[in-house]
Amino acid sequence: MAQYKIIFTGPVGAGKTTAIRTLSDIPIVSTDEDASDMTANRKPQTTVAMDYGLMKLDGNDRVHLYGTPGQERFDFMWEILTEGGLGLVLMLDNTRINPFQDMSFYINAFREFIDQTQLVIGVTRMDERPEPDLSRYNAHLASLGYKAPIFEVDARKKRDMALLVQALLYSIDPGIRNDG
Amino acid sequence: MKSFAPLKVTLHGMDERAAQMFTMFLAGPARGCCIVVPEGQQEAVIVDLDGVNAERLWLDVRRRFSGPALVLSVREKKLRHSIWVPKPIRADELIDAVERVRTELNTLASLHRGEALAENLVIAGPDGGQSDTRRMEAVGRAQVPPPPATLAVQRAAEDDGGGVARAAELALQERRVHECCGYLADEVYRDPRRRAELFFEPDDTLLGAMREGMHVAKASGTPAVVEGLGHPLILCPDQRRLFSDMREQYLRPLCTRSRHQTPMRVRAIPLEETPITTSADPRLQRLDATLWSVALWTARGRVPSGTSLDAPVSLRAWPNLTRLQIIPGAMQIAALWSKQPTGLMATAERLGLPYRYVFSFFTACQALDLLDQAASALSSAAPSPAQAVPQDRRSLFQRMLNKLGLG
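Order-wise, the sequence lines are chains U and S.
Mapping of the first sequence onto our numbering: position 133 corresponds to residue 133, and the numbering continues sequentially without gaps.
Mapping of the second sequence onto our numbering: position 30 corresponds to residue 30, and the numbering continues sequentially without gaps.
Simulated from the structure, these hints should not be mistaken for laboratory data.
For each residue, glycine too, the CB sits at the ideal point set by N, CA and C.
This list has only true hints and no planted wrong ones.
Calculated pairs, DSSO-like style, for lysine-lysine (alpha carbon to alpha carbon, straight line, at most 27 angstroms):
| id | chain 1 | residue 1 | chain 2 | residue 2 |
| --- | --- | --- | --- | --- |
| 1 | U | Lys158 | S | Lys77 |
| 2 | S | Lys8 | S | Lys77 |
| 3 | S | Lys403 | U | Lys157 |
Facing chain S, from chain U, some residues (calculated, C-beta under 10 angstroms):
| id | residue |
| --- | --- |
| 4 | Asp61 |
| 5 | Met126 |
| 6 | Asn138 |
| 7 | Lys157 |
| 8 | Ala167 |
To give an idea of the chain U side of the interface with chain S (calculated C-beta under 7 angstroms), a few residues:
| id | residue |
| --- | --- |
| 9 | Arg156 |
| 10 | Ala162 |
| 11 | Ser171 |
| 12 | Asp173 |
Let the hints inform the model, and build the full structure from the sequences given.
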């Protein structure tokens, strides 16, 4: 039985835990704790170690879904989590003060992993705040030296998250075919 | 504008006050798309599934009614023969869901009458798609003909266990593909004598009028209106919005008509002339999504005249595919053009896709200004050899795609 994993990262409140819950076939394992710092301004609980979900595939294969803690002080976890990962799903929150700064931070933090695999970006809460729009996200990503799928997503919607993961897979291999 | 009778519904999982509020919402922002009727007269049910006894409520509703259901909840619900409408409920999302139910009911009625099996559920004949071409020629691009259903639809229709609903769903999906990608068979694309069939003149279409409107709006700094369609189409590129009370059923046929058949005028309008509306007004639509759909309905497997079929195409930025109409192969084509510039013909051959998918996707991406195309087939660097993907990895990805359930 082969084991694979996809990593979800992004700032506090961007929807990583929700995204994993949406895609997982099992109840997710979450290590949320009451926030005691500035994080509490964005959500009452925050992930302190990691989130974990699982996609069960035909043939008994498993794809593990790992969410990194959103707070930077837990970044020692990130390198451990990414080892052997298929790719990175970066979740960004459009209502944060400077989502481009978030993008730069996480891309620089995961640059080595992204260079070895692939990146996709999901931007949440664009219905609450439509600016900046995706063209500005694409321009900022290009300024960091990358081109990757950037989609507007609602992390609660299976279709949105499924399309984001599809884009990750096709970015790795445009030649794959869907028989489903 | 084409008008429909309101869908007859009953409400479940709401107390009296919530039901009254929701009824007002249906009559107001949701523009009367549904009407609440006594139990037994409904065509569909609307169920609020965020209550404490949601599971019991659902079973109870299903015991009494097996037809289409609109399920209202904060979290996505995947329930048999139902459509999820996320909370907070937006009028446009509810109206779209109601239209899907209406389409499903119509298709089901058609299947039950046996008309669909007699007329539409025809397995592709041995002419290798020539009938597609004849159908295209016959309509003279004036009107999109009904799509031929495939073997999958026929099998689903013949299946006993809920197959009719599945057949209706498949037939609807196939119709949408045909509306966007047309009917041209691959042989037409390979035949140099039939090259003219692969192109259209964008300036002679609604797509061209919309593009003209966007230029006018940008130059004048005010919205622009496209007139002559029966109902005005107001473009506000600064807000990336479009105002129109024309819904898809009305707009789509207009894309198949030339500006000679439907004379269209474009002019800038002062801000005072634009309707006062709120963001919840379903007439206020996303400009990118409408422009994308109009491009697909116009293209129907073709590209704008003057497009090179061989010069490499590259994607400057991915289209926002979670909020745009998706055609088969869109993800694969986007991924390829993002990684490695490839000509139109070569893209279809390399990915094993029908040419018409690639051509329609190109036209839609071009409408949103997401593409670059080299001046000629020889003007770009030789493509880099594709990275070999191990077979076990490709097999894994295929199973993941099947699991994710989207084509």
